[in-house]
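Participant: Add 1 to a position in the sequence shown, counting from 1, and you land on the number used in this note's numbering.
By construction, these hints were calculated from the structure, which means they are not laboratory data. One or more hints might be untrue.
Straight line, CA to CA, 30 Å or less: simulated DSSO-like cross-link-like pairs of lysine-lysine [as the list claims (entries may be wrong)]:
#1 87 / 67
#2 77 / 87
#3 83 / 69
#4 87 / 76
#5 67 / 77
#6 87 / 69
#7 83 / 67
#8 78 / 67
With beta-carbon atoms standing in for the labels, derived distance ranges [to be verified]:
#9 66 / 42: 16 to 22 Å
#10 46 / 13: 18 to 24 Å
#11 75 / 11: 22 to 28 Å
#12 40 / 75: 38 to 44 Å
#13 13 / 37: 17 to 23 Å
#14 51 / 13: 22 to 28 Å
#15 44 / 82: 31 to 37 Å
#16 70 / 91: 38 to 44 Å
#17 40 / 79: 33 to 39 Å
#18 43 / 74: 27 to 33 Å
#19 74 / 3: 22 to 28 Å
We treat Cβ as the ideally placed atom computed from N, Cα and C, and that holds for glycine.
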Amino acid sequence: MELATLIRERRSIHRFADREVDPALVAELLDTAVWAPNYHMTQPWRFIVTYGEGRRRIAEAVRIMKEKRELDPAKKKEVGEKFYNKIMAIPSPQPRVPAMERITWVDQA
């Protein structure tokens, strides 16, 4: 397939199936991804691949750590939950695009 075709037919998917991804497929994709060009051949990538109970335990540990570091007691739970959800890949209900960018889109339409 030609590069131009790949670029034109590329799509972003924001709704995912609720199923596990085969760890062998993840390893294959990461092995391919590290061949991408990088700044001065520094190869800055570091990967930690988790799934199942290990992922949940890491998410819970990060939640606790972030809640302990938050100085504002009113924000502790919100901050902890935010990081837990990121690790567990739970989508945020807020729009991903800042309001100012959406205003700009309308202005340019």
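Participant: Take the hints in turn and mark each one as holding or not.
Facilitator: Results for each hint:
1. 87 / 67: Roughly 13 Å separates the two Cα atoms, so the pair holds.
2. 77 / 87: Judged against 30 Å, a Cα distance of about 16 Å means the pair holds.
3. 83 / 69: holds, 14 Å
4. 87 / 76: The hint holds at about 17 Å.
5. 67 / 77: holds, 8 Å
6. 87 / 69: With Cα atoms ~18 Å apart, residue 87 and residue 69 stay inside 30 Å; holds.
7. 83 / 67: holds, 9 Å
8. 78 / 67: holds, 9 Å
9. 66 / 42: 16 to 22 Å: At 34 Å between Cβs, range violated.
10. 46 / 13: 18 to 24 Å: Since residue 46 and residue 13 have Cβ atoms about 22 Å apart, the given range 18 to 24 Å holds.
11. 75 / 11: 22 to 28 Å: violated, 42 Å
12. 40 / 75: 38 to 44 Å: Distance hint for residue 40, residue 75 holds at roughly 40 Å.
13. 13 / 37: 17 to 23 Å: With Cβ atoms ~18 Å apart, the hint holds.
14. 51 / 13: 22 to 28 Å: holds, 24 Å
15. 44 / 82: 31 to 37 Å: Taking Cβ atoms as reference, residue 44 and residue 82 lie about 34 Å apart, which means the hint holds.
16. 70 / 91: 38 to 44 Å: violated, 21 Å
17. 40 / 79: 33 to 39 Å: Since residue 40 and residue 79 have Cβ atoms about 35 Å apart, the given range 33 to 39 Å holds.
18. 43 / 74: 27 to 33 Å: violated, 41 Å
19. 74 / 3: 22 to 28 Å: Because 57 Å falls outside the window, the suggested range is violated.
This entry does not satisfy hints 9, 11, 16, 18, 19, going by the numbered hints stated previously.
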